[in-house]
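Heads up: the protein sequence lines correspond to chains A and B, in order.
When we follow this note's numbering, the leftmost residue of the first sequence carries the number 2, and every step to the right adds one.
When we follow this note's numbering, the leftmost residue of the second sequence carries the number 27, and every step to the right adds one.
Do not take every clue at face value.
To be verified - Straight-line distance between alpha carbons at most 30 Å, and here's what the computed DSS-like set of lysine-lysine pairs gives:
#	chain 1	residue 1	chain 2	residue 2
1	B	Lys31	B	Lys68
2	B	Lys265	B	Lys68
3	B	Lys242	B	Lys265
4	B	Lys437	A	Lys606
5	B	Lys68	B	Lys115
6	B	Lys68	A	Lys606
7	B	Lys437	B	Lys523
8	B	Lys115	B	Lys31
9	A	Lys606	B	Lys265
No wet-lab data here; the hints were simulated from the structure.
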Amino acid sequence: MPSDVRQMPDVLAANLAALRSAAPAVAEAVGSAPPLLQAELLATRSGMPTLSLEGQPLHNLHDPVAEAERWAGEAVERLARETAVTAVVLGFGLGYHVEALARRWSGRIVVVEPDLALLHTACGVRDLQSLWSRVELMVSTLDDATIDDLGRHVLLRHGPSWLRGQGGLRELAERIAGRSTARQVRLSIVVISPLSGGSYPITGYCARALAALGHDVHVLDLAPFAAGAEALPHFAPSGAGRQTVDRAFSRFLSAGIRTAVERLAPDLVLGMAQAPIDAALLSELGSLGCVRAFWFVEDHRLFPYWRDVVGGYDYFGVIQRGAFFDEAAAHCPGRVLYLPLAADPMVHRPLELSAAEQQEFGSPVAFVGAGYRNRRVALRCLLESGLKIWGSEWGGALPVGPAVQRNGARVSTEDSVRIFNATTINLNLHSSTYVDGIEPRGDFVNPRTFELAACGAFQLVDERALLPALFRPGEEVITFNEVGALPALVREWQARPADRARIASAARRRVLAEHTYEHRMQTLLESICARETERFRSRPRAATTADVAALEGGSPLATFLNGLPPETPFTLDGVVGAMQGREGDLHEAEGIMLFLHQFDDLYVKEHRA
Amino acid sequence: MSGRKILIVNLTRFGDLLQTGPTIAGLRAQEPDCHITVVVEKNFAEVCEGLPGIDRIWPIDLDALGRLLLQPAMNDLRAAYGTVEGWVKALRAERFDLALNYSSSRMSAVLLQLIGVSDTRGWTATADGFRVIAHQWARLFSAACLNRQQAPFNLVDYYKRVAGVSDGPRALRFEVPPSAHSRAAATLRAGGWDGQRPLIGFQLGASRVVRRWPSKHFIAVGRALEAQLGATLVLCGGKGERGIAEELAAGLGSQVVDLCGRTSIAELGGVLAHCDVLLTSDTGPMHMAVAVGTPVVALFFGPALPVDTGPYAPDHVCLHAPVACAPCDHNITCLDSFCRDVLEPAAVVEAICARRAEDWAGLERAAARWAGIAWYRTAVDREGLADLVRLGDRPPTRRDGLRRAYRALWKHVLDGTAMPPAGIPLAEDAAAARELVAVATAAATIAAQVQALVGTDDIAQLEDVAGRLELTDRRLFQLGQVHEALAILVQTFRFEKESLEGADLAALAAATRGFHEDLAARARCFVALLDPVPRHRELTREEKVHASCS
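Chain A extracted, bound-state conformation (with noise of 0.2 Å):
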């Protein structure tokens, strides 16, 4: 085989100049990036060239433009079936198989290919001038409104170059899946609560996330069966006594959790750190059809039952990364999310305050928590600047012991928002159970960073390995390093109110654009959709009552749906389902809408099913 194939220069230039004219920022980049080093160039037996990489040839070794209208024949076939207005066309190789399809096919073609260096070496090979005026390339991280803007979309891979997977040309597409997906599906979601704990309130505010991104969300509420825990050891204190009553109480939680998902039937069920689900009860969960998530809000190294149901999970968030991750992943047969906490705007807000609000939850520093040692320590160095504890496990902290707030009574979330709003300088330490100081291992960063920077509060908060990536400090965070220089950045900060506020507005801005419940739910969702594709494929979304009342003008049913959240789907589940709750006379629109769900419930779910 001739093996005679050369770059040329003057063709590199012309395509590049070609490129640049559609899209002066690829072809920068394409014309920045070295051609590929180890790719052999070949001559077809067609007298075509095609690339061989690492003794893969990324096209046909006979005849790569046959083989380019066969790949471009199916994917017409298959744009034209799924109504599509986009196709985008994963890996570019050396082209052929993109001549093809815009030969073939009027529509948008849109190009991903992330591997600058092949895209270099394909230009220098082949004139593909007339290509780049026709088709857009796309060789970097796509953003949302990007992916948005494909419309109904096809995603058609280039085999060798989808083998390969060079450059995340994986991870795009399985960003630009997820994304369209999770925007396109309306699905069921059961999220499972723990009995109690700092996760319990985690669970409601990644519901409303979740019902606000538009699926239909239920929450097992397990907090009822709190009582009943706590209440365990009456039958037995210890032992194997109390084992044998440990395991009963496990087992009826989780026949109750079986019975709750196969009666909702979700297409996910998310669980929250510390939720009573076990790796048996996971199987079964797995055999109802459902997909399992998962969210373990907790530090690895404190609760170290994540080793127990990693395994039984097919997604998988974790707010650490490291070795931790690397061994959740190697562990857990689907998929490891880093998904770092963050905050309700609809509860941590900026609040105007009473003149007697101000003055009951105020002071010039504060802080929000629980008494681990660590705090008792470094607070004591902070008594004399007003400080005031807020927070429950604060018994016997001598002599950080006068600043505790309410003979140290739990704080509600509420109250905890209106004193981050009150305090002039809100303390934020990590918690930790082995030094007295700032934890040196500390990486996760605490739900309580999110919350103070979502109510517009400025916060002192001890440095993390993984806070830079989300707040930058000095800017929208005030980060310290040891205890010991408290004292000084208190004095120093109470001294420049403009820049606390500049701080705080910024962090504020920050949890707005980046660390919501939302956008968590948001990334956890389109991971799971960029795999799931075909099972959610049945789960359209539907129009909403903000949809249908825009057409109704002005009829009785358009201001019945007004009256609902807009959001909410035009289905009879999610009408209906909008409406508990309400009180009053019913409104014939109602009327008719529960006649309907009704008549549905009667006599067409069965036939539906």
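With chain A held as given, fit chain B onto it using these hints.
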């Protein structure tokens, strides 16, 4: 001056529609000038055409509505909404004086609420959407549906009483159009019936397997009837029974006319009118046979009971499988429906032959021989209500006694009929009823205190007394759950309380007190009906505690 405009809603069942017939005819007889409209699913409009007394049939196409909702896109749901909106507006515009809802679904309750007829009886909904039952007979019917072991009356009598029909026809009636009658005769002749041989109908199907008699039993009966009577057998049923019909036809030989799925409703009436006897389980065609005057031998097993849904006309024969679990729940999935085999084919053959010959003595003898089956002859009691007369020499059971007592009680309470003497003594049930008297009397006393406090400024006292009343009510509900005999009494009381609506506290308090007093009075009557020996005794300590748990 024209009479009342009356709306009857009975949406979805063939048999139920036929059972509405005596009510319609009774209303027509009582109020010749009234105008009666029946809202019915389009597929069953043909049934209404054979019911005398209807002025207007108002068909609604639920199939089309169902198709819109099967995989509804946005515009399908809008269209479905528009369809129902159209029905509601049109029906409301009729300005009916009386609406009778004979469908028990929440769907129909909401529809009635939307139509908004001030005198609505049966299931309806309050202005804020809660389902309630309007009219005492409708509440009793619903309570009996939940406690069918003691179901006292036939469905048709409830229908009549809810409508205010005090007498009316005592048998179903369906007028087969002459053309349908002729077509039926022609079809039977074409199928091989010579017009001379005895013609016995077999109704093969029922809506659910648990209500369907096994095909092997039909085959055994068919062979015996061919041998003993030289009968021609006509197989009736819908398209869903075609498979069973073919199985029977193959097992029975030449004297079979298979009409499954091959007749219209009116033609089915015509076919049944030609039959000497119809063998059937509790189905719509059973009611059709009764309505065209053909004797039926009706088999009751699973959830079916002859007392409440049996043939509404005298002199039909019902065979019931009185197994311990009967009647089962309509929605149950039975893994071993052995009750169907209790009704042995040989007994059924005897019943058919004797009924055809009007040999009531023979039926008595057969009932005595087949003592594992409960045999009944349908009848009408002195007050004109449908009744069952037990055949054979089987002694009455406790449940028979309770049913008799309940019949007497409700006739006395709701119709003013004189109380009969006590029936078979049921001392334990009477003791339970005495407890109910005590608690209901205590509750009535507390309800009177509530009534006295309403309108005063003593809110704390009112709340305290209302709390005590709630506790006492809980005790009443508990009695209804614990004692089978009390279930209908207590459930009816619950429905009465649930039906209270409005914002006039004084009126609500007065009605509440009235319901408690009524319950106490009814329970006293019940005691008298269950216990022939009046017992005046002190309450036990426990009874006192219960009675004073307020």
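Here is what the structure says about each hint:
1. B/Lys31 - B/Lys68: holds (21 Å)
2. B/Lys265 - B/Lys68: Between B/Lys265 and B/Lys68 the Cα gap is close to 18 Å, so the pair holds against 30 Å.
3. B/Lys242 - B/Lys265: holds (20 Å)
4. B/Lys437 - A/Lys606: violated (41 Å)
5. B/Lys68 - B/Lys115: holds (18 Å)
6. B/Lys68 - A/Lys606: This hinted pair holds, its Cα atoms lying about 20 Å apart.
7. B/Lys437 - B/Lys523: OK: B/Lys437 and B/Lys523 at ~21 Å, within 30 Å.
8. B/Lys115 - B/Lys31: Given that 30 Å is the threshold and the Cα spacing comes to 16 Å, the pair holds.
9. A/Lys606 - B/Lys265: holds (22 Å)
Comparing the model with each earlier hint shows a violation of hint 4 alone; every other hint is respected.
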